[in-house]
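There are 4 protein chains.
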Amino acid sequence: MEFGSDNNAGAAPEIIAAVNEANAGPSPSYGNDPIMDRVRQKIREIFEAPEAAVYLVGTGTAANALSLAINCTPWGTVYCHPLSHVENDECGAPEFFIGGGKLKLVQGDHGKMTPEALQTAIGGTPQGDVHTSQRGMVTITNTTEAGTVYSPSEIAALSRVAKQYSLPVHLDGSRFANAVVATGCSPAEMTWKSGVDIVSFGGTKNGCLGVEAVVIFDPAKAWEFELRRKRGGHLFSKHRYLSAQMDAYLTSDLWLKLAAHANGQAKRLSDGMARMPHVKFLHPHAANILFVSMPRQYHRQAMNAGAHYYLHPFSASLDGPDDERIDARLVCSWCTSDREIDQFLALIRDQG
Amino acid sequence: MEFGSDNNAGAAPEIIAAVNEANAGPSPSYGNDPIMDRVRQKIREIFEAPEAAVYLVGTGTAANALSLAINCTPWGTVYCHPLSHVENDECGAPEFFIGGGKLKLVQGDHGKMTPEALQTAIGGTPQGDVHTSQRGMVTITNTTEAGTVYSPSEIAALSRVAKQYSLPVHLDGSRFANAVVATGCSPAEMTWKSGVDIVSFGGTKNGCLGVEAVVIFDPAKAWEFELRRKRGGHLFSKHRYLSAQMDAYLTSDLWLKLAAHANGQAKRLSDGMARMPHVKFLHPHAANILFVSMPRQYHRQAMNAGAHYYLHPFSASLDGPDDERIDARLVCSWCTSDREIDQFLALIRDQG
Amino acid sequence: MEFGSDNNAGAAPEIIAAVNEANAGPSPSYGNDPIMDRVRQKIREIFEAPEAAVYLVGTGTAANALSLAINCTPWGTVYCHPLSHVENDECGAPEFFIGGGKLKLVQGDHGKMTPEALQTAIGGTPQGDVHTSQRGMVTITNTTEAGTVYSPSEIAALSRVAKQYSLPVHLDGSRFANAVVATGCSPAEMTWKSGVDIVSFGGTKNGCLGVEAVVIFDPAKAWEFELRRKRGGHLFSKHRYLSAQMDAYLTSDLWLKLAAHANGQAKRLSDGMARMPHVKFLHPHAANILFVSMPRQYHRQAMNAGAHYYLHPFSASLDGPDDERIDARLVCSWCTSDREIDQFLALIRDQG
Amino acid sequence: MEFGSDNNAGAAPEIIAAVNEANAGPSPSYGNDPIMDRVRQKIREIFEAPEAAVYLVGTGTAANALSLAINCTPWGTVYCHPLSHVENDECGAPEFFIGGGKLKLVQGDHGKMTPEALQTAIGGTPQGDVHTSQRGMVTITNTTEAGTVYSPSEIAALSRVAKQYSLPVHLDGSRFANAVVATGCSPAEMTWKSGVDIVSFGGTKNGCLGVEAVVIFDPAKAWEFELRRKRGGHLFSKHRYLSAQMDAYLTSDLWLKLAAHANGQAKRLSDGMARMPHVKFLHPHAANILFVSMPRQYHRQAMNAGAHYYLHPFSASLDGPDDERIDARLVCSWCTSDREIDQFLALIRDQG
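Residue numbers (my numbering), protein chains in the order written: chain W, 2 to 353; chain X, 2 to 353; chain Z, 2 to 353; chain U, 2 to 353.
If you're looking for bench data, these hints aren't it; they were derived computationally from the structure.
Careful, some of the hints might be misleading.
Identical copies go unnamed one by one, so any copy, or any two together, can satisfy a pair.
No farther apart than 30 Å at their CA atoms in a straight line, the calculated lysine-lysine pairs in the BS3-like style are these [claimed, not checked]: (1) 281 with 268; (2) 222 with 164; (3) 105 with 164; (4) 105 with 194; (5) 281 with 164; (6) 105 with 222; (7) 43 with 194.
All of these numbers come straight from a predicted model, not from anything done at the bench.
Model the full structure from these sequences, guided by the hints.
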């Protein structure tokens, strides 16, 4: 019963198989491997972006930080949601890679910035006043950290605000596949057709070992990305193993199938919990993450029986009154089984 | 006939097998996987350093830049050889991670700093004068970029100079195993017993897919390393795949066996070339890298027949007079075969 | 009628005289001038801090950014008020000098953080979790940007929160003298006796040409400050001219007299405006800055007749309906005259 | 007998007078003072550069570091002489402001890079290879740190090399006036007519209190300069005092007159020493700095009698054998008197 994180899941068999296969014989290093040529081609097709520059790195933090660094000056402001990964979960990687930038928090319910709040935040950054950090760029997370999903039109609404100020837009898509599956839109609709300039296209959480693509729709910044990637220590010598993962991930819609499974299992889980009056959902759920609240006793039952997931905040404890409500995050992955879900549901069923 | 780089070689079967094996079931993320506990234990044993802090990253540049960053202030000077990887091959990663440091070049033949040159360089950096970059640290590469090897006593001699000024010493060991095999010393003798404070212990070039350990003998800097690693985007979520590589690498002396093969094949190659009067060796060779010079015609014969290796400088060309001498670097790896070597030797044999 | 900024005022005659006097003959450079010895001694006496390290720089942004940089790691969080100078008016200097730090905004009315909000902010930064920016330090502004003043006991309350987490406390005292005069406390009570570790002690706004002292109560960080100052381009070669300003500023309580004048004139101004029903005060005022709101027509009358001050926000306009209320900031300085105030009061008197 | 540094000299009477005069009444802050308009105009005229952007800062290190930062990417290489101020005397300010750049040392006798060495250095930086720091920019110092002077044609020869690689050229002119006087060329000939893109135009060492202008011939980088200046803490609030210094400096050729005096006194000094067989000159001298060698006894006589200047290296001592030769630097300033020189010459005259 693993609902802790999609990072705790292993890699899909097809991905592992591709890594094994890539191992045969010598191969050019540092991204010059022929598998990378295939990856570049596939991503361009999937995103309907024949000019896009495509790069691979090993972690989502690297993908995000490098994406921000090539789009934001050191004195620029990155507009992001308070719950975003760049703000909360990267130990200041954006500030480090940008060279001392500033993240400005843009509110919105359920992990989603509103266009109005974004407008206020950007508009409230004085233009042409040397005393303040300048307007920089916008970064949107989809699937959000709250497990919610922006539709393409919602992204387009944010991008319109950004574009009104000529600011580039980044999409942190560490769970991009889950968002695409949840909305049913195309990758192009989720990104450049909605005004997104650069994407962190995640693989790791969705069945890879460790690979994220950065897709840059305007290739003018490509060389700078390459330099920053190398300088950041993120250019892999035996790059073929990153390429192989991504290649398999993109083959026969594997990336969509894995995400569809994860989303589907989250739905199975939420359907089960929705029938329990002691469970409350904290956010609308559309992808593979659920935030719920239930009395402590149910958490205790589940966790003591081996269910693994995180209470929110991390400092929450199983010790305390039975009926005090505690929040929790439950994540399904590409390999979450029906059995895990049903077992968990049985554990938190009201025994009354 | 692959002599281009040990980065062009694949991964050893044992390493790939371990990655496959690690894939089963869920696992804690971000370095909390149980395999990492084994790795930590093994490295401490191999280095006879029960207190050492041990971390894994995906690239050698990351290992080096993070190691320097925790040991050198932003206004510090890193003393290194002009041919070192940190100076030439990392696109300024040390300066970036240190926060604007300065690398000062310390001369010495065949890729090896001399203690005298190091003494002059450190001594020549004024102490307590706010106008200049300050004394920072020393970094030594072993196996060197010239394919030569420092003995433990040579490293100790450099460390003694560093210690005289209370400077920490880093060892860039992207080819650490080759140096250990070449000298016959123990890892401890090569490092802390010779005054080294922190090591980039390479796996990638010697049969892994992509993993380098950083071994910090004084764990006081461990937490800072963790923060800088995360902030640099170098903490892997599915860390188990790094752990699994390193675990297999360290099992049953695999790391030494792979390096012994690479070194042995380089010896086979050099023995063959030593019998050819038109071949000159540019550096003493003790590990898995040879630098040679021969008339262009032989390079042409070899490369046209499929031998892959790099001319020095990169801009050198196969076009030109037959008898003009051109330098080249030849690298053997854990999987270089007798057949590749013999085939290459046949190609460059004097047909006269 | 200059109420725009105390930065628009010139220098006090005593300060200018000291600069002239310092010009005679040669003098050691880079802070080794004998006048600096006097300055150091005087500041130590005034702050009752015989061990304090004392340095001079030319701007308040430099004083602040360097003070933060020696007290906060690159991955640290600086807790500050949303209206603070470091957040709003330094174009990211703190982030730049710190090497990519994060400023976290701590709310509170009238420009003053509350201990409760500070507790929540620091406590809400997870400890020992490598994923987030770490707890760093606290910076308090006194006189605040809202023109209000923290009492020593209010500062002590904030410091107690900081100390509970072992965080250093910086005081941005670009208008330190105004706060001391307003509260009647001693410099020591305002700072180290209330838990402050380092102070930007402003001179420029209060009658100097351009000089700010940094007072470091624990001299352990002194050498790092010197290096960062030099490296930041903030060590003046002809340092005697900074020293001379500060020396005169500290002689015969000049700094307090100048601030008392500025505060007194602000009181005269506010007393006059308090009798006008169309004027509203936006913040309590205790020092030399008033924030007021009044219908546009009064601003128009005053400004058209030559009064100089800033509307808030800067984008507010004199064009528009007469009776719409517009906010403004009015600043008195060491040289604001009775005549300027009376003339201004006459202009905004209700003609009805 | 002050020959230690032109930084030890005070300010010229005209400069001090201008500061006094600028003090009257209120003035716009942060560079918007009307005196700055005059300064801008004068510099454009003097440099025959009607489009140039002109900014003032308080120190030479700030002028240099900001000039480099707007012309060099963080991964760029700055080509400079080993004796240059940016390499030796700024505690890593260039690396800090650039964001982790690399300085590559270009040799040449007497403090002057040769075009051949520059060609080799730039050409030796691989182009389009992501592994190495990239080609960045060239910085030339005139008057050099060795007291020698580049002629405009020598600067043009260096610039031609830079331009061949499309690299910008910076001139560190902390002693620009001395070089102009020494060569008899115009400011335009020394700079943009010889291919220089940006100049640190020094005032401090030549009779100001503390002001350096940065002259940017292509104003496209002007806004970035303003942001970096603010962010570096180098935008002065009471900017009028910088403006006033520079305004007086440029009025009635004062800057040239002051430099002519300094250069002339250095010639008087060298003429006197040239008649003494025990004195050797270490570099050709053309400006206001002499490097000489003489037996220790003469240094001892001079210094014991009150002459102030620096031995080279700083660690050299007056204690030791009488006849051992010791190097020294002697600097004349705008206010060095005939009497100081004659007194010094008398002291070092051979008594034999």
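Query raised in the report: With identical chains treated as interchangeable, where does the CA-CA distance between residue 281 and residue 268 reach 30 Å or less: within a copy, between copies, both, or neither?
Result: within (15 Å within a copy, 56 Å between copies)
Query raised in the report: What label fits residue 105 with residue 222 when the C-alpha limit is 30 Å: within, between, both, or neither?
Result: both (24 Å within a copy, 26 Å between copies)
Query - Status of residue 194 relative to residue 43 across identical chains (alpha carbons, at most 30 Å) - result: within (18 Å within a copy, 51 Å between copies)
**Report entry** Intra/inter-copy verdict for residue 105 and residue 194 if alpha-carbon distance must be at most 30 Å
**Finding:** within (25 Å within a copy, 34 Å between copies)
**Report entry** Alpha-carbon proximity context of residue 281 and residue 164, limit 30 Å
**Finding:** Result: close neither inside a copy nor across copies, 38 Å intra and 39 Å inter.
Query raised in the report: What label fits residue 222 with residue 164 when the C-alpha limit is 30 Å: within, between, both, or neither?
Result: both (18 Å within a copy, 23 Å between copies)
Report task. Please work out whether the CA atoms of residue 105 and residue 164 approach to 30 Å or closer within one copy, between two copies, in both situations, or in neither? Result -> Result: close both inside a copy and across copies, 17 Å intra and 27 Å inter.
Against the hints set out earlier in the document, a violation occurs for number 5 only.
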